[in-house]
Amino acid sequence: MLSAVDKPPSDPIYTDLNRWRLKSEDGRQVWHYLSEEESKRKPQTLADKYWLGLPLDVPTLPTPKTPLDVARNGLTFYQRLQVEDGHFAGAYGGPHFLTPGYVIAMYISGEPIPDHMRVEMIRFLIGCARKDDGGWGIHIEGNTTVFGTALNYVTCRLLGLDRDHPTMIRARAALHKYGGAAAIPSWGKFWLSVLNVYEWEGMNPVPPELWLLPYSLPVHPGRWWIHTRMVYLPMGFIYAQRLKAEENDLIRELREELYTQPYDTINWAQQRNNIAEVDVYYPHTTLLNVANFFLNIYEKFASKRLRQWAVDESWEQLKMEDENTFYGNLASVNKVMNLLCTFFKEGRHSKAFKLHVDHCLDYLWMSESGMYFNGTDGSQLWDTVWICQALCLTDLAKEKPYQDMVKRAYEFIDSQQIRIDPQNRERCYRDATKGAWPFSRRNQGYTLTDCTAEAIKGIYMLHQLDYIKPTISNDRIEEATDVLLRMQNSDGGFSTYEPTRGPKFLEWINPAEVFGDIMVEYSYPECTTAVLLGLASFKKHNPDYRAEEIEDAIDKGIAFLKRIQRPDGGWYGCWAICFTYATWFGLEALKSVGENYANSEHARRACDYLASKQMADGGWGESYKSCELQTYIHHTSSQVVNTAWACLALMAGDYPNVEVIRNGIRLIAKRQKPDGRWEQEGIEGVFNKNAMIAYPNYKFSFTVWA
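Take 1 as the starting number for the sequence shown in UniProt numbering and just add one per residue.
Take these hints with a grain of salt, some might be off.
[Unchecked claim] Below are the DSS-like pairs computed for lysine-lysine, each with C-alpha atoms no more than 30 Å apart in a straight line:
| id | residue 1 | residue 2 |
| --- | --- | --- |
| 1 | Lys49 | Lys673 |
| 2 | Lys673 | Lys400 |
| 3 | Lys304 | Lys244 |
| 4 | Lys434 | Lys469 |
| 5 | Lys319 | Lys49 |
| 6 | Lys625 | Lys177 |
| 7 | Lys670 | Lys591 |
| 8 | Lys23 | Lys504 |
| 9 | Lys304 | Lys23 |
| 10 | Lys539 | Lys562 |
| 11 | Lys504 | Lys319 |
| 12 | Lys469 | Lys539 |
| 13 | Lys407 | Lys65 |
| 14 | Lys131 | Lys540 |
| 15 | Lys65 | Lys40 |
| 16 | Lys591 | Lys625 |
| 17 | Lys400 | Lys351 |
| 18 | Lys469 | Lys540 |
| 19 | Lys434 | Lys400 |
| 20 | Lys670 | Lys400 |
| 21 | Lys591 | Lys398 |
| 22 | Lys540 | Lys23 |
| 23 | Lys49 | Lys504 |
| 24 | Lys398 | Lys556 |
| 25 | Lys65 | Lys398 |
Keep in mind the hints are simulated off the structure, nothing from the lab.
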């Protein structure tokens with residue numbers, strides 16, 4: 001056991017931050033820990049030092065006299081963070097259930113985590129434990145939950161932390177206060193079961209037989225939201241076979257530590273619906289409870305032949321997901337679950353398993369606080385497109401100091417368009433992807449509506465620069481436009497990865513307890529606005545290409561946005577925090593069809609709504625609680641990112657009280673440091689209403705833009 005972790009972070013038990021390097025190639029960003037000799041031969045970049053929190057040798061910039069000077073200073077700093085392949089790297093962390101999945105999967109498979117990574121994960125988890133009670137929440141800013149505490153307690157122990165370490169003692173007390181690990185939500189029950197520190201009998205069924213149903217049935221997994229079906233696919237494969245780790249001394253110790261009663265006295269069947277009150281965001285519905293009742297009966301009498309057929313079909317689906325993403329996978333949760341399935345099926349010496357292990361490196365992020373598992377393999381394309389738009393719309397892209405940065409960013413965007421469709425796409429329930437842009441990088445292989453649309457907008461802006469040699473042909477942009485036109489939903493809005501496939505009543509069987517709106521694709525104001533603006537940009541440059549269809553899509557999209565606007569004037573944001581973000585998108589959409597404060601009741605209500613949320617210091621600050629409670633909750637202090645969105649929104653709406661906007665811009669300028677940077681403030685992003693996630697580059701792109 002690693003009792004030496006009691007020592008402070010400066011102790012050699014932790015790594016030398018000066019030896020870490022971020023290598024980026026074709027969008028793949030991987031942290032490497034070099035030997036002392038290698039470190040001398042390859043100096044750290046400023047980007048390396050920045051993300052590691054090391055001192056930066058950068059000059060103090062001239063005191064800005066205008067908002068554009070502030071933007072220049074911000075851009076001068078931010079351009080130093082561009083990595084060698086042209087994108088803007090960054091963390092994508094925040095949820096506290098991601099690193100545990102990786103560590104548990106590696107432990108079960110017997111794949112060692114290198115010491116330099118292992119100790120930095122320990123450092124990160126110790127630093128993230130809540131100061132009030134020692135537990136962990138569902139995300140880094142959340143209150144203690146059983147989900148976060150049980151999983152991260154287990155993770156620390158698997159990484160080598162002794163049970164008598166002060167962090168473990170406090171976390172154990174917090175866990176027991178809420179009923180112990182028996183009260184963990186269903187995703188946690190899965191991870192603890194496969195680790196063999198919880199019994200499969202205590203988990204509601206995850207039957208893989210659903211994959212054998214006709215696709216015409218609304219409950220077929222192919223109709224679920226992509227993230228949900230890609231999580232329950234490997235979960236069902238493992239559950240159906242009751243696969244688990246081999247019992248050893250550490251597992252026996254964890255069985256003793258995690259519960260408030262002896263392990264062998266727990267009535268596991270009674271734990272299936274035992275979820276701690278502090279964890280529940282989306283309670284079980286009556287329909288789900290009835291479904292689980294019958295599924296538990298089915299598990300007792302299930303045909304072995306049918307079960308094996310379902311397991312075999314699940315394995316085929318898993319292989320297609322792995323191959324279509326080059327073993328990078330959709331996102332972090334199914335990444336490590338698929339790794340575990342491959343271990344159980346093929347063993348740790350198989351080629352596929354080794355590819356999985358290698359591509360886990362794409363998710364691991366090293367920071368000044370330690371190492372953790374990102375939500376995806378990055379946000380490379382997304383962050384790069386945003387700063388390109390900011391540069392073009394402020395005309396800073398025309399200034400000589402930034403032109404090399406712009407050229408390299410354009411080359412990266414060019415390189416990351418998806419140029420193929422998934423293999424066997426109908427067999428694996430995938431839509432065509434050729435022509436789309438992804439969230440992170442090309443090989444991840446999934447269309448995102450907003451990423452594709454923002455890329456189209458950015459490309460046309462960049463093509464207006466006389467020093468950019470257009471290498472992205474109009475034919476390729478037509479392909480991207482074709483992708484978008486296929487993705488509009490019947491309500492006029494646009495969702496994320498695919499058009500809505502399933503009925504909304506599927507949400508009544510949402511089994512996850514800790515997330516909302518996970519069962520089907522929904523139309524979102526952010527995605528809808530992005531697509532409308534992307535189509536409008538395309539139409540401007542190609543007035544004759546599918547003109548009537550584009551006009552019809554825009555009209556339906558605008559009608560959707562007006563219909564879902566709240567009575568108070570705001571729009572609820574589903575992918576960032578929260579009303580400031582979505583209301584900016586809403587006002588940009590209205591602007592694109594000529595509506596503003598003076599001539600549109602919708603724009604007027606939206607502007608007045610945002611103006612009413614301005615804080616005393618001139619800024620805006622919105623708490624992550626807004627997402628959870630679906631009502632505007634002020635942060636304890638203003639935030640530069642929220643302030644930038646609010647100012648951009650009011651400018652888009654032609655809000656007449658310019659002083660409101662000026663006060664926001666003054667706040668952004670005041671927060672800027674002498675070297676041009678803005679410090680990290682509150683977490684910026686969200687998914688599924690209750691899980692917050694970081695977008696640390698937002699504090700550069702949107703502040704510069706504003």
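The hints, checked one at a time:
no. : hint              : in the structure
1   : Lys49 <-> Lys673  : holds, 17 Å
2   : Lys673 <-> Lys400 : holds, 23 Å
3   : Lys304 <-> Lys244 : holds, 19 Å
4   : Lys434 <-> Lys469 : holds, 23 Å
5   : Lys319 <-> Lys49  : violated, 38 Å
6   : Lys625 <-> Lys177 : holds, 24 Å
7   : Lys670 <-> Lys591 : holds, 29 Å
8   : Lys23 <-> Lys504  : violated, 43 Å
9   : Lys304 <-> Lys23  : violated, 48 Å
10  : Lys539 <-> Lys562 : holds, 22 Å
11  : Lys504 <-> Lys319 : holds, 29 Å
12  : Lys469 <-> Lys539 : holds, 21 Å
13  : Lys407 <-> Lys65  : holds, 28 Å
14  : Lys131 <-> Lys540 : violated, 54 Å
15  : Lys65 <-> Lys40   : violated, 41 Å
16  : Lys591 <-> Lys625 : holds, 29 Å
17  : Lys400 <-> Lys351 : violated, 48 Å
18  : Lys469 <-> Lys540 : holds, 20 Å
19  : Lys434 <-> Lys400 : violated, 35 Å
20  : Lys670 <-> Lys400 : holds, 26 Å
21  : Lys591 <-> Lys398 : holds, 25 Å
22  : Lys540 <-> Lys23  : violated, 39 Å
23  : Lys49 <-> Lys504  : violated, 47 Å
24  : Lys398 <-> Lys556 : violated, 36 Å
25  : Lys65 <-> Lys398  : holds, 20 Å
Checked against the numbered hints listed earlier, the structure breaks hints 5, 8, 9, 14, 15, 17, 19, 22, 23 and 24; every other hint is satisfied.
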